[in-house]
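Colleague: First to last, the protein sequences are chains A and B. Just so we're aligned: 43 in our numbering is position 43 of the first sequence, and the numbers increase by one with no gaps anywhere. Just so we're aligned: 104 in our numbering is position 104 of the second sequence, and the numbers increase by one with no gaps anywhere.
Quick caveat, the hints were computed from the structure, so don't treat them as lab data. A portion of the hints provided could be inaccurate.
Since copy identity is lost for identical chains, a pair holds within one copy or between any two.
With a Cα cut of at most 25 Å, we get these calculated SDA-like pairs of lysine to any residue [unchecked claim]: (1) K22 x G120; (2) K111 x Q123; (3) K39 x D135; (4) K117 x D86; (5) K111 x T76; (6) K136 x D58; (7) K39 x Q142; (8) K136 x Y43; (9) K39 x T156; (10) K111 x L46.
Protein chains: 2
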Amino acid sequence: MILYSYWRSTTSLRVRAALNLKGIAYETRPVNLLDGAQKAPDYAALNPVEGVPTLILDDGTVLTQSMAILDWLEETYPEPALLPADPVHRAMVRAAAQVIALEIHPVNNLKVGAALKARGFDQQAVVDWMCHWMDKGFAAYQRLILSEGRFSFGDTPTQADLCLVGQMVNARRWGLDLAPFARLVEIDEAARALPQIAAALPENQPDAQ
Amino acid sequence: MILYSYWRSTTSLRVRAALNLKGIAYETRPVNLLDGAQKAPDYAALNPVEGVPTLILDDGTVLTQSMAILDWLEETYPEPALLPADPVHRAMVRAAAQVIALEIHPVNNLKVGAALKARGFDQQAVVDWMCHWMDKGFAAYQRLILSEGRFSFGDTPTQADLCLVGQMVNARRWGLDLAPFARLVEIDEAARALPQIAAALPENQPDAQ
């Protein structure tokens, strides 16, 4: 498989971590979002949203959208499971994952930041904007997960933890006060201690700068 | 089941339509987002994101996040299917659905509009902002779906169509130019012609104003 990825993209991180945890070999092809490589016609033909990640299967099938890719991986390579077996438990893991994937990340990504700057926000106003949504979203996430266990939903990582690890990278990068989120800091630490997740972190990507 | 819903909420519409299509009886409990009912302590205890929808199962289990609820419905009430059986086809439907659920809606919802106004946007600037993301997102959606068939992925509706119908309500409300999106207008029309989807439209809710 080929994964089009950007080192700092947290949506790419989710997929890198899932591939690693499931032991699937892949080749990383960096897409430099800062240079606008996602808008190059050849790439935009693969990924009409002009974003990362894009996963190319061995038969040439093109998959986009990180959460759709995570579900495809889960259905195709079920072990180790990143979702519980019981439908209600799955829904709870998905809801927590989606607090990050739908309530925080889309409002905070690179293109939204650029659109805000084009409308008069300065850098500090964009950082305040990002921290506002992270603060609200993390508070909700913390109430949706279990209060004990190494990870958000027990002693093995789930899709929710993969979303969390990526968002924590951004939280630290933009200086979010993590004091109210001790449980999330703990989970993040446990997750980053797994070599498969460590290998998915931004600083360990071939295009890291 | 009890569905906490707001008539104009397109995330609520997705779940109403799925419940109707699957023939599941439910009682609607309106949450007036304009009055801030989503922030009332009793409601926020159910839904820490302080949003709609929230689905309460007959045993009291609380499910949040529209896309997680759609997947739970699919796993628990598989007929009629709103996702194809083949994992790659499922991933493609999910990717299209997520272009709306992750790339358009989260950047355009009521709380983001309010946050932009609190930061100096006037009403017209907020409308321009919403139309910007709808225009980009719809263009991508149109490239991710099939070019023929009554619905986005064939002759039966999927999760992607449910997301589309809701977003088209907002597109019309905010005056998006739909000329480039003839295929989406056609699909939307086919979807609204189904009585189960018609019953999920904003104007047919008990709290419609």
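Colleague: Could you work out which of the previously given hints the structure breaks and list their numbers from low to high?
Modeller: When the structure is compared with the hints, numbers 1, 4, 5, 6 and 9 turn out to be violated.
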